[in-house]
Amino acid sequence: MITKSASDVSNCKYSYLFTKNARTSWFKTLDALSVYKNKKLTLLLPAYIGINEKEGSGVFDAVIKNGADVVFYRVTDNLQVDISDFNNKLKSNDIDVVLVIHYFGFSRVDMDSIRTICEKLNAILVEDCAHAFYINADNSKIGNYGDYSFYSLHKYLATSTGGMLKINNTSLPNPVLDINDKIDFDALEKFASSDFKKIATIRHRNYLAYEEHLATDKNIDVLFKLESTDIPQTFAIRVKNGLREKLYFYLLEKDVPTVALYYRLIPQITENEFPNSLLISNEILNLPVHQDTKISEVVYICEKIKEFFSNEQNRN
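Numbering (the UniProt record's numbering), first residue to last: 1 to 316.
Keep in mind that the hints were calculated from the coordinates and are not lab data. Do not rely on the hints blindly, as some may be mistaken.
Said to hold, decoys possible - Heads up, simulated EDC-like pairs for lysine to aspartate or glutamate below, C-alpha to C-alpha not over 16 Å straight-line: (1) LYS306 / GLU253; (2) LYS240 / GLU312; (3) LYS155 / GLU55; (4) LYS20 / ASP181; (5) LYS254 / GLU303; (6) LYS37 / ASP69; (7) LYS40 / ASP69; (8) LYS225 / GLU211; (9) LYS40 / ASP94; (10) LYS91 / GLU119; (11) LYS240 / GLU283; (12) LYS141 / GLU227; (13) LYS218 / GLU283; (14) LYS254 / GLU307; (15) LYS198 / ASP77; (16) LYS37 / ASP82; (17) LYS155 / ASP292; (18) LYS294 / GLU212; (19) LYS120 / ASP94; (20) LYS240 / ASP77; (21) LYS20 / ASP184; (22) LYS65 / ASP31; (23) LYS141 / ASP112; (24) LYS294 / GLU211; (25) LYS20 / ASP178; (26) LYS246 / GLU312; (27) LYS89 / ASP69; (28) LYS218 / GLU307; (29) LYS240 / ASP221; (30) LYS20 / ASP221; (31) LYS306 / GLU212; (32) LYS304 / GLU212; (33) LYS240 / ASP217; (34) LYS304 / GLU227; (35) LYS39 / ASP69; (36) LYS65 / GLU55; (37) LYS294 / ASP255; (38) LYS20 / GLU55.
Only a predicted model underlies this, so the values are computations on that prediction, with no experimental measurement involved.
Model the full assembly from the supplied sequences, consistent with the hints where possible.
If you want it as structure tokens, here you go:
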């Protein structure tokens with residue numbers, strides 16, 4: 001029947017659910033898959049998941065709430081999937097759901113091969129894109145491989161809340177959201193009115209400025225060299241010689257806000273089994289690249305970092 005106006009709410013529609021935050025998207029996905037599979041889930045997770053006193057653990061709190069069993073796979077020196085360990089764990093365990101976390105907005109792993117082995121072993125792949133913002137990029141290495149991908153709006157926009165779940169495999173169930181699970185209007189309005197391309201351009205520019213000033217500094221390791229399609233969440237470095245905490249407080253005294261993301265890991269990730277994970281957590285420091293950051297501020301931060309290491313060298 002010919003209609004006077006459009007009435008099919010499912011027509012020409014992205015498969016997005018807007019949630020209170022990213023952890024809600026993750027938990028509601030696990031909840032839906034538990035019902036779908038009619039069993040207690042077994043998850044394959046990266047061995048680099050943080051926790052803190054104020055917020056708990058965005059990833060693991062949802063896992064505990066769901067009651068799933070967990071197997072951990074190793075990560076590399078720059079927090080990518082250790083493919084060998086990943087494949088071994090996936091093959092030797094009856095895994096229902098696999099989680100890949102794109103730390104700080106970067107992917108330097110073959111997501112095609114991960115997608116292929118998950119399909120072969122009938123494991124559902126979920127991408128944690130909380131640090132990433134590639135929602136509509138068709139050629140992105142991030143967010144288009146998982147059966148589900150979830151995002152955290154407040155990590156990219158000027159809002160304190162808001163998450164999004166992207167359902168790439170429409171043969172799997174859509175999570176059911178209660179009213180308290182849904183995004184608030186202010187966060188949704190900021191999402192709808194934001195210029196994503198401009199945000200990406202500024203973040204890209206700021207990251208390149210850090211690279212210019214810090215990439216050759218022997219006191220740190222820069223985790224990722226920027227590629228043209230990258231949209232960074234922060235400029236992530238590893239501070240050598242046990243000086244991360246000291247540098248953090250030095251910068252704080254100089255009015256430089258930094259954060260050490262995942263500086264403390266969940267207790268299930270032990271140093272005995274995952275020494276590399278604990279080493280990274282003791283060295284990680286994240287410098288701001290967000291769209292409010294000016295180039296002059298990036299230069300100032302880099303000057304203060306060099307000043308700190310110069311002072312340390314003079315003391316020794």
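Structure-based check of all given hints:
1. LYS306 / GLU253: This hinted pair holds, its Cα atoms lying about 15 Å apart.
2. LYS240 / GLU312: Given pair LYS240, GLU312 holds - Cα atoms ~12 Å apart, limit 16 Å.
3. LYS155 / GLU55: 14 Å, holds
4. LYS20 / ASP181: Roughly 5 Å between the alpha carbons, so the hint for LYS20 and ASP181 holds.
5. LYS254 / GLU303: 11 Å, holds
6. LYS37 / ASP69: 14 Å, holds
7. LYS40 / ASP69: Measuring from Cα to Cα gives roughly 8 Å; hence the hint holds.
8. LYS225 / GLU211: Holds, at about 8 Å.
9. LYS40 / ASP94: Measuring from Cα to Cα gives roughly 11 Å; hence the hint holds.
10. LYS91 / GLU119: With a Cα-Cα distance of about 12 Å, the restraint between LYS91 and GLU119 holds, given a limit of 16 Å.
11. LYS240 / GLU283: 7 Å, holds
12. LYS141 / GLU227: Given that 16 Å is the threshold and the Cα spacing comes to 12 Å, the pair holds.
13. LYS218 / GLU283: Status holds; Cα separation ~14 Å.
14. LYS254 / GLU307: 11 Å, holds
15. LYS198 / ASP77: 31 Å, violated
16. LYS37 / ASP82: Status violated; Cα separation ~28 Å.
17. LYS155 / ASP292: Cα-Cα ~13 Å, so holds.
18. LYS294 / GLU212: 15 Å, holds
19. LYS120 / ASP94: 13 Å, holds
20. LYS240 / ASP77: 13 Å, holds
21. LYS20 / ASP184: Distance ~7 Å between LYS20 and ASP184 Cα, so the pair holds.
22. LYS65 / ASP31: 9 Å, holds
23. LYS141 / ASP112: Judged against 16 Å, a Cα distance of about 9 Å means the pair holds.
24. LYS294 / GLU211: 15 Å, holds
25. LYS20 / ASP178: Holds, at about 10 Å.
26. LYS246 / GLU312: Distance ~10 Å between LYS246 and GLU312 Cα, so the pair holds.
27. LYS89 / ASP69: 14 Å, holds
28. LYS218 / GLU307: 14 Å, holds
29. LYS240 / ASP221: Cα-Cα ~8 Å, so holds.
30. LYS20 / ASP221: 35 Å, violated
31. LYS306 / GLU212: 13 Å, holds
32. LYS304 / GLU212: 15 Å, holds
33. LYS240 / ASP217: 11 Å, holds
34. LYS304 / GLU227: Judged against 16 Å, a Cα distance of about 26 Å means the pair is violated.
35. LYS39 / ASP69: 11 Å, holds
36. LYS65 / GLU55: Measuring from Cα to Cα gives roughly 15 Å; hence the hint holds.
37. LYS294 / ASP255: 15 Å, holds
38. LYS20 / GLU55: Between LYS20 and GLU55 the Cα gap is close to 14 Å, so the pair holds against 16 Å.
Of the numbered hints given earlier, the model fails hints 15, 16, 30 and 34; all others are met.
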